[in-house]
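Colleague: Now for the letters of each chain:
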Amino acid sequence: MRQFLIFTQKEFFHIFRDRWTMMMLLALPIAMIILFGFGITTEIKNTKFAIYDPSRDMATLGIVNTMEKNEYFTLEGYVENPDEMETIFKEGKIGLLVVFSEGFYENIIRTGDAQVQLIADGTDPNTASTITNYATNIIIGYQQELLEVGEIPFQITPEVKLLYNPTMKSAYNIVPGVIGMVLMLICAMMTSVSMAKEKELGTMEVILVSPMPPILIVISKVIPYFVISMVNLMNVLALAVFVLEVPIVGNFFLLIFVSLLFIFVALALGLLISTMVETQLVALLLSVVGLLMPVIMLSGLMFPIENMPIVLQYVAQIIPAKWYISAMRDVMIKGLGFTSIIMEVAVLSAMAIVLIAISLKKFKIRLE
Amino acid sequence: MLRFLLEKEFKQFFRNSFVPRMVIMFPLTAILIYPLVANFEVKNVNLSLVDHDKSSYSRSLVQKVVASGYFNITNVASNYEKALRTIESNRADLILEIPSNFERTLVKERKANLMISANAVNGNKGGLGTAYLVRIISDFNGNIQTELMGNHGRMKIPNLDIIPLYRYNPSLLYSVFMVPAILIMVLAMICGFLPALNIVGEKENGTIEQMNVTPVKKFTFIVSKLIPYWLSGYVVLTIGITVSLLVWKLFPEGYLITIYFFATIFILAFSGFGLVISNYAITVQQAMFMMFFFVLTFIFMSGLYTPVENMPNWAQFISHFSPLKYIIQVLRMVYLKGSAFNELIPQFIALCGFAIFFNGWAVLSYRKSS
Amino acid sequence: MKVIEAENLTKRFGQFTAVDHISFAVEKGEIFGFLGANGAGKTTAMRMLCGLSKPTSGKGTVSGFDIDKESEAVKKSIGYMSQKFALYEDLKVWENLRLYGGIYGMDNKAIGPKIDELLQQLGFESEKDTMVKSLPLGWKQKLAFSAAIFHEPKIVFLDEPTGGVDPAARRQFWELIYDAADRGITVFVTTHYMDEAEYCNRVSIMVDGRIEALDTPKNLKKQFEAENMDQVFHQLARRAKRN
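So the protein sequences, as listed, match chains F, Y and B.
For the first sequence, the working numbering begins at 1 and goes up steadily by one.
For the second sequence, the working numbering begins at 1 and goes up steadily by one.
For the third sequence, the working numbering begins at 1 and goes up steadily by one.
Keep in mind that the hints are not guaranteed to be accurate.
Claimed, not checked - Here are the computed lysine-lysine pairs in the DSS-like style, where the Cα-Cα straight-line distance is at most 27 Å:
1. F/Lys199 - B/Lys114
2. B/Lys92 - B/Lys59
3. Y/Lys218 - B/Lys92
Stated by the list, open to error - Reference excerpt, derived from the structure (chain Y facing chain B, CB under 10 Å, subset only):
4. Asn16
5. Pro20
6. Glu202
7. Val213
8. Lys217
I should point out that these hints are in silico values taken from the structure, not numbers from a laboratory.
Virtual Cβ for every residue (Gly too), placed ideally from N, Cα, C.
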C-alpha cells in the first residue's frame, strides 16, 4: 500500500511540475467549452437583408418595417435595379434579398395575386433555409394583420410548445457533447501519452521490474488523470451553468454517475492505446485520429447522427461518446431519470468491462 | 547550399513512413467523409401523432403532413403523456396533438387550435421542424377556408405567393458549403502543423545545434524546411479540388487561378505561424499542444461550421484574428459565387497582413545563438 | 601561429557565472584537451568559441575572426561534433556526408569522390548505403567526426566525443584524431576520460568556471607531483565549490 501511494504521488508530481501539461489539462477544457458553446451557433440573428421594391406602397413598407423590427434581421438598404442584386450578393454583404412584384398592394387587393421572392444566399444551406423560414413566417403574419379588417373565419391556430429548450439555444445541444469530448481528450489522450513517455524515457522498465503488481502500477498511473477529469467535469459543468446558461435539469448525482462510467471507459481506451504504441508522438496522433476525430464527427456532438449515411450510423454505435452524450442530454437537458438511460448505462458498462479487461491483459503480456 | 538542404529534406520526407501517406490520405478521407457527416440539414423529422378527433379533417391534415415528405409518422399515441415518452426516448422529434371535436369546433366556432410540441434540445431541428409543420397547417387551413366559404371566401382572402429561392446553391446541398472549407482545414494542417513539428523534432534530436555551427543561414535552413510542405500543400489542394469535382460534382464558378493565388498567401501566412510556434516550443509534445489549441480556436472562430455573424460580439471580435476565416470566405466565394480578385480585396489585405505579421514575428523571435 | 585565442572570456546566466574570465591560446595543429568536472563550464566555453552562445564579456578569436562580431565567418572555418549524436538518423551514410560537404560550400563534383575516399580510409565502404540509425554507436561517432572534418576545416571542436563507447572503439577514435592533427587540423576536445587527456598535446583543467591549470600532460604531472592525469584532476577537482 505504501508503495502504491508513493507511485501515485510520483504521477502527481509529474503533472504538477510540467507547466505545459498542467495548462493543457486544465485550461484546454475551459477554452473548448467556450469555443464550442459560443462558436457553434445554429441560431440566426442580425441577418442583413436588402429590398427590391418597385412600388413602395403601404403593404411593402409594412412588411419591411416588421422585418426590421425583428431581431433576426437588419436592413442593409434598397436595391434600385436588378443588376445591383448580383453585386450585392457577390460581395457577401447580405444574406437575404426580398423582391416584391410590381404594384404589390394594388394587386393584393384587386386580383389577389401578388408575389414576394425571398432570395437567400445559399452558400450556407442551414442559414439559408432558416432565414427564409423566418421571413416567410413574418410575411404570413403581416398578411393576416393587414387583412384583419374583418377577422378571417375558420382560422386554425397552432399552439407551439418547445420542450426542454424554449429559447432554442444551440448550447443546450452542444454542451453535453463537449463534456464528452473533453473527458475523452483528457482521460484517453493524456493517459496514453504519459505512458508512452515513460516507455520512451525507459523509466517504464524500471517500474515494471519493481515488486509492485502490474495492476497497481496501472491504477497509480491512472488515478491522477481520474482526479483531474473530475476537476474538469466540475469546471465544465460550472461554466455551462453560469456562463453558457445551460441549466442542469435532471438529478446531479445521476449525471455524475454516468460521467464516472464514461471516464472509466475513456481511461481504459487510453490504456489500450498506450499498450500499442512506443512513442509519445504516435500515441498523440493515434488518440487524435482514433478518438478525437470520431468523437467530433460521429458522436452526434454537432452533427445529427440520423443525417449520416447508414454505414456511418452503424460506426457511430461503437463510439462510447455517442452513448454518453445521449445519456447526458437525457439527464442534464431533458431532466429524465435513471429508467430512461438504462440502455446507455448498459452499453457503457459493457464497453468499460471489455476495454479494461483487454488492456490489462495486454499490459501483462508486455511484462513477460 | 539550399540545394543540399533540400535534397536532405526531400529524402527525409519520402523516407518517413507517416508523412507522405498523410499528405495523400488526409485530404482524401476528409473530403470524402466529412461532407457526409457535417450536415445540419433538417430532414426526416419523426412525428408522434395524437389524434383525439379522428374526423375527416384530422385525417386529411395528417395526409397532408405525410405527403409533404418532411415527416415520418413513427408513432401514433392515444394521449399526450404517451407521446411524450417517445420524445423522451428520442423516437419522435415532434408531437402533433389534434384535440377532440377539432372539426366540429372549427366549423361551429369558426376557429380551432392545434398543439405542437417539439423536442428543442437540438434547437435547430426543433425550430425548423415546427416551422415546417406550421406551414403545412397554414396551407391546410387555406384549403379549408376555401372549402367552407366557397368563391365568396376566395375573394376575401387574397393569395400572396411567397417564393423562396436560393442563390449559388439552389438545392441547398451541404457538401457545397463544407468542401471548400475542408480544403482549407487540410491545407492548414499540412503547411502549418507539419513543418513546425519537423523543426521542433530537430531541436529535440540536437541536429539543429549541429546546423547552427555551420555557415548555413537561418533563412536558408527554414526555407529548405518549408518548401517540401509548401509543395505538399499544392498537391493536397489539387487532390482536394479533383476529388470534390469527381465525387461532389463541385467545380469553382470563379477562376482556379484565384484559388491558387489566395492559397499561396494563406500557406505563407500559416507556415509563418507554424514557425512562431516552433520557436517557442522546446519539445514536440509542447509544439503539438500549442498548435492544437490555436488551430482549434482558429477553426471555430472562422465560420467553418456556422456563420460568424451569429456569434456573440466578443467571438466576432476574436474571429477577426483567425486567418482561416478570410481564406474560407475566399474559397466559398470563388467556388460558389464566382467572385474574382476585385471582389476579394479585403480578404487579400487581411491575408497579406497575417503573412507579414507571422513571418515577421518568426524572424524576430528566432535566435541562432543565445 | 595561434588559431584560438581567448581573453577574459566570461558567460553569466543571471547570477550564475558559468565561465569566469578564462584566457588561453591554442596553436595550429595542436590537440588541445579541455578538461573539467560536470558543470565546470567546458561546454559553455566551447559553445561561445563556436558562435552558438554570446559571451557576456571578454574577447575571443577563432581562426583570426572575432567570435562575437564575426561568428558567421568563424563557422565557415570550423567543424563541430556535439555531445549528443547529431547526424540525421533517417539519412544514409553517404547522404549525411554529402549534406555536410554541400553546406560548407564544397564543389558538387568533388563531394562524390571525397566520400568514397573517406569511407575507404575508414574501411567503411560496405556501409555507404546503410541508414545511419542502424549503425552501432562506435561507428556513428566515427562517422560524426568524419562529417565534422569532411570539409577540411582549420579547427574541429569535439564535445565529449567518446561518451558511452568501449575502450577499443575509443582507441580507434583517437587514431582518427591524430590523423586529422597530422593533416594540420587543430583539435579542441573536451573529455571526461583521463587516459584520453594523456593523448593531448596540451591540457587545460577547468574548475568552477576558471582555468586552474594549463600545460602539457607531462609538466602537469610534475607540477602536481602525480603519477597520472587522474591524480592531477582529483587534486584540482577537490577545490570545486559548485555542486
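Colleague: The structure should be examined with respect to each hint, and the outcome stated for every one.
Modeller: Structure-based check of each hint:
| no. | hint | result |
| --- | --- | --- |
| 1 | F/Lys199 - B/Lys114 | violated (41 Å) |
| 2 | B/Lys92 - B/Lys59 | violated (40 Å) |
| 3 | Y/Lys218 - B/Lys92 | holds (24 Å) |
| 4 | Asn16 | holds (7 Å) |
| 5 | Pro20 | violated (13 Å) |
| 6 | Glu202 | holds (9 Å) |
| 7 | Val213 | holds (4 Å) |
| 8 | Lys217 | holds (8 Å) |
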